[in-house]
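Residue-level listing of the chains:
Protein chains: 2
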Amino acid sequence: MLQRTSDMLKPGSTIGILGGGQLGRMLSVAASRLGYKTHIYEPGANPPAADVAHACTTASYDDHAALAAFAASVDVITYEFENVPTAALDLLEAARPIRPNRRALAISQDRMLEKDFLTGLGLTCAPYAAVNTLADLEAAIARIGTPAILKTTRLGYDGKGQVRIMALAEAPAALAAMNGAPAVLEGFVSFSHEVSVIAARGLDGSVAAYDPGENVHKDGILSTTTIPARLTPAQRSDAVLLAARILNALDYVGVMGVELFVTPQGLLVNEIAPRVHNSGHWTQNGCAVDQFEQHVRAVVGLPLGDGARHSDVVMENLIGDDVDRIPAILKERHAALHLYGKAEARPGRKMGHVNRVRPKV
Amino acid sequence: MLQRTSDMLKPGSTIGILGGGQLGRMLSVAASRLGYKTHIYEPGANPPAADVAHACTTASYDDHAALAAFAASVDVITYEFENVPTAALDLLEAARPIRPNRRALAISQDRMLEKDFLTGLGLTCAPYAAVNTLADLEAAIARIGTPAILKTTRLGYDGKGQVRIMALAEAPAALAAMNGAPAVLEGFVSFSHEVSVIAARGLDGSVAAYDPGENVHKDGILSTTTIPARLTPAQRSDAVLLAARILNALDYVGVMGVELFVTPQGLLVNEIAPRVHNSGHWTQNGCAVDQFEQHVRAVVGLPLGDGARHSDVVMENLIGDDVDRIPAILKERHAALHLYGKAEARPGRKMGHVNRVRPKV
Chain A
1 MLQRTSDMLK PGSTIGILGG GQLGRMLSVA ASRLGYKTHI YEPGANPPAA DVAHACTTAS
61 YDDHAALAAF AASVDVITYE FENVPTAALD LLEAARPIRP NRRALAISQD RMLEKDFLTG
121 LGLTCAPYAA VNTLADLEAA IARIGTPAIL KTTRLGYDGK GQVRIMALAE APAALAAMNG
181 APAVLEGFVS FSHEVSVIAA RGLDGSVAAY DPGENVHKDG ILSTTTIPAR LTPAQRSDAV
241 LLAARILNAL DYVGVMGVEL FVTPQGLLVN EIAPRVHNSG HWTQNGCAVD QFEQHVRAVV
301 GLPLGDGARH SDVVMENLIG DDVDRIPAIL KERHAALHLY GKAEARPGRK MGHVNRVRPK
361 V
Chain B
1 MLQRTSDMLK PGSTIGILGG GQLGRMLSVA ASRLGYKTHI YEPGANPPAA DVAHACTTAS
61 YDDHAALAAF AASVDVITYE FENVPTAALD LLEAARPIRP NRRALAISQD RMLEKDFLTG
121 LGLTCAPYAA VNTLADLEAA IARIGTPAIL KTTRLGYDGK GQVRIMALAE APAALAAMNG
181 APAVLEGFVS FSHEVSVIAA RGLDGSVAAY DPGENVHKDG ILSTTTIPAR LTPAQRSDAV
241 LLAARILNAL DYVGVMGVEL FVTPQGLLVN EIAPRVHNSG HWTQNGCAVD QFEQHVRAVV
301 GLPLGDGARH SDVVMENLIG DDVDRIPAIL KERHAALHLY GKAEARPGRK MGHVNRVRPK
361 V
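Chains A and B, in that order, are what the protein sequence lines are.
Heads up: the first sequence begins at 1 in full-length UniProt numbering, then just goes up one per residue.
Heads up: the second sequence begins at 1 in full-length UniProt numbering, then just goes up one per residue.
Calculated directly from the structure, the hints in this document are not laboratory data.
The structure presented is a predicted model; accordingly, all values stated were derived computationally and were not measured.
Watch out, some of these pointers could steer you wrong.
Since the list can't tell identical chains apart, any single copy or any two copies may satisfy a pair.
Each computed EDC-like pair below joins lysine to aspartate or glutamate, with the alpha-carbon atoms no more than 20 Å apart [unchecked claim]:
1. K350 to D321
2. K360 to D312
3. K331 to D204
4. K218 to E194
5. K10 to D321
6. K331 to D306
7. K350 to D324
8. K10 to E114
9. K218 to E259
10. K10 to E344
11. K331 to E344
12. K10 to E194
13. K350 to D322
14. K331 to D321
15. K10 to D324
16. K10 to D322
17. K331 to D7
18. K360 to D219
19. K218 to D321
Based on the provided sequences and hints, a complete structural model is requested.
In structure tokens:
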């Protein structure tokens with residue numbers, strides 16, 4: 001595919017962003033750095049992104065008049081989270097391009113579609129099976145074994161909508177916890193660590209990836225990402241090629257997060273996120289072009305940055321009362337603090353992150 | 001001086017910024033990163049800073065109702081340029097603290113006050129003399145010699161309001177160019193290069209300085225800043241101590257730019273700017289805490305970052321039709337582009353800058 005000059009939105013154009021959380025906030029700052037304006041669409045009041053955006057619409061995804069006015073005021077539409085209702089997307093897409101495209105969204109909104117898509121590309125996932133009934137679940141447990149984890153196919157993130165199953169006898173309770181929603185059973189895989197690749201694909205079809213980061217979760221929420229990850233050169237190369245295969249198969253435009261398990265048998269794809277990703281926040285202080293700018297570049301049709309890192313980084317999420325440590329972090333050498341402007345620190349709530357920068361080894 | 005807890009503005013507070021240009025824009029982004037909101041006050045329409053600010057007032061500095069409403073809506077006031085009218089400052093200061101303080105502003109608004117202040121601290125400036133009449137100017141030329149440069153004492157920057165004098169006979173024309181404004185004659189000094197120190201002083205009286213950068217000007221406008229500057233360890237230490245002496249003498253709170261000439265006889269102070277400074281833009285990609293965040297920290301009463309750099313940087317200003325080179329810069333490895341969102345590229349207009357990041361040597 002050749003990039004046409006007409007595809008590039010000129011600086012001064014407006015990027016519409018669905019969702020006004022911290023990802024929208026940091027996308028908006030990156031857009032400003034390249035001379036673009038942003039317009040946030042967010043149902044919740046006083047979203048973090050509104051503090052650094054040119055405009056903000058506070059309206060629900062059912063408000064078709066507000067959606068139409070929003071679409072008319074922007075030149076392209078992107079999003080910071082993947083669970084935008086289909087009807088809203090239909091209305092928006094009729095007016096303006098949505099990048100990344102609808103197919104990427106649809107796949108990432110549904111764990112079964114996602115796993116079928118990934119395995120269809122020849123990539124490896126943990127063993128999985130669709131579960132709608134107790135019979136499905138018992139058959140799946142028989143095939144996959146325990147421990148296993150039952151997840152709703154849609155919504156749910158950071159450990160929500162998930163039940164661990166240690167024995168067949170737990171099947172009825174686990175299924176009941178799904179509240180009748182379609183689910184997928186995933187087998188546990190024996191992995192040494194989790195890494196993620198933050199990769200981008202431009203409007204011209206070019207692909208650029210950042211160095212993989214190594215992720216540690218606490219209570220189902222990302223806690224730290226360390227760059228570089230512990231990977232052999234071959235694994236590093238595999239990880240990036242695998243991400244590129246996903247992006248190309250989707251004719252994707254924008255940044256994607258690809259979570260991988262490192263196992264003795266190779267890399268397994270855990271999940272993909274069609275947006276900037278928490279495990280890519282380190283790029284803000286490790287690269288000349290961070291993931292937020294990379295996404296903006298893709299969405300407006302600019303050439304991608306090459307993603308090379310100039311420094312090593314350990315990113316730590318500040319969750320809930322981690323904010324009590326901010327005074328100490330402010331005094332740390334080489335610690336770059338990023339707060340999201342959220343008034344109230346609740347347990348499990350992402351309040352900010354800190355990038356600790358070290359010379360590249 | 002001890003810092004009192006009551007001096008610290010909590011995240012979520014609003015910083016009022018006088019001036020909506022690129023410095024206000026980058027201050028606003030830095031404020032957001034620490035969880036603060038900003039309110040811009042700017043006479044011109046559609047200021048660059050408004051795209052990334054919580055609020056923007058478009059009104060003149062004569063509009064006392066607008067100034068009062070602005071002051072009432074913010075918790076502290078800072079500024080991105082030093083030529084705010086005195087009456088406006090009087091009104092604002094009655095309502096909210098202004099940081100850096102009025103004395104720093106008054107001194108930097110008047111070249112004679114500035115030079116008298118600096119030499120009063122025991123620092124060295126180029127030879128200078130106040131000029132109001134032709135007799136003053138001729139006497140000053142006789143004492144200082146030529147070449148020399150005649151400048152209005154107030155306003156004027158980036159080469160405006162300045163006339164070079166090569167011979168006594170040019171005195172009448174040079175004086176006429178001042179349009180009756182009070183002026184100062186400055187002798188030329190023989191210097192090998194210019195450096196600047198970006199230093200900050202916190203509300204608690206602590207001082208932190210970034211590594212000095214080496215500046216190259218073109219047509220009287222900063223073109224590049226290179227870090228590290230060519231300085232001996234002794235000169236580097238002198239430069240930082242000298243900046244600290246200035247900050248302490250002014251009981252200063254915030255970031256200051258101090259321009260120095262490097263001469264065989266030592267460091268000469270060229271001028272000071274009581275604000276974030278163009279020659280400090282490199283800190284955005286060379287330090288965990290950049291000059292904009294450092295200024296915000298000082299103004300809200302947070303501890304200063306230590307200013308250590310993790311990478312070497314060459315900052316290049318993009319002026320006027322330098323914007324034509326943006327497509328090439330976007331493709332450069334390790335080049336971080338910062339555009340100001342200005343619609344029209346006019347000759348001499350600062351449109352953005354690029355920080356080229358290199359491993360620290």
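Tested hints:
1. Taking CA atoms no more than 20 Å apart as the test, K350 paired with D321 passes inside one copy only; the shortest distance there is 10 Å, against 42 Å between copies.
2. In this assembly of identical chains, K360 and D312 lie within 20 Å of each other by CA distance both inside one copy and across copies; the values are 5 Å within and 13 Å between.
3. For the identical chains of this complex, K331 and D204 are inter-copy neighbours only, at 14 Å across copies versus 44 Å inside a copy, given an alpha-carbon limit of 20 Å.
4. In this homomeric assembly, K218 and E194 come within 20 Å of each other (Cα to Cα) only inside a single copy, at 13 Å, whereas the closest approach across copies is 51 Å.
5. In this assembly of identical chains, the alpha carbons of K10 and D321 lie at most 20 Å apart only when taken from different copies (16 Å versus 42 Å within one copy).
6. Proximity of K331 to D306 under the C-alpha cut-off of 20 Å is restricted to the inter-copy arrangement: shortest distance 8 Å between copies versus 32 Å within a copy.
7. For the homomeric pair K350 and D324, the shortest alpha-carbon distance inside one copy (13 Å) is at most 20 Å, but the shortest distance between copies (40 Å) is not.
8. Neither within a single protomer nor between protomers do K10 and E114 lie at most 20 Å apart by alpha-carbon distance, with minima of 34 Å and 43 Å respectively.
9. For the homomeric pair K218 and E259, the shortest alpha-carbon distance inside one copy (16 Å) is at most 20 Å, but the shortest distance between copies (49 Å) is not.
10. In this homomeric assembly, K10 and E344 come within 20 Å of each other (Cα to Cα) only across copies, at 12 Å, whereas the closest approach inside a single copy is 38 Å.
11. Within a single copy, K331 and E344 get their C-alpha atoms no closer than 23 Å, and across copies no closer than 41 Å, so neither meets the 20 Å cut-off.
12. For a Cα distance limit of 20 Å, the shortest separation of K10 from E194 qualifies neither inside one copy, at 39 Å, nor across copies, at 37 Å.
13. Taking identical chains as interchangeable, the C-alpha atoms of K350 and D322 lie at most 20 Å apart only when both belong to the same chain, with a minimum of 9 Å there against 40 Å between chains.
14. Taking the closest pair of Cα atoms, K331 and D321 come within 20 Å of each other only inside a single copy of the chain (18 Å); across copies the shortest separation is 41 Å, beyond that limit.
15. Taking CA atoms no more than 20 Å apart as the test, K10 paired with D324 passes between copies only; the shortest distance there is 13 Å, against 43 Å inside one copy.
16. For the identical chains of this complex, K10 and D322 are inter-copy neighbours only, at 16 Å across copies versus 41 Å inside a copy, given an alpha-carbon limit of 20 Å.
17. In this homomeric assembly, K331 and D7 come within 20 Å of each other (Cα to Cα) only across copies, at 17 Å, whereas the closest approach inside a single copy is 45 Å.
18. For a Cα distance limit of 20 Å, the shortest separation of K360 from D219 qualifies neither inside one copy, at 30 Å, nor across copies, at 38 Å.
19. Only within a single protomer do K218 and D321 lie at most 20 Å apart by alpha-carbon distance; the minimum there is 14 Å, versus 51 Å between protomers.
Consistency with the previously given hints fails for numbers 8, 11, 12 and 18, ordered from lowest to highest.
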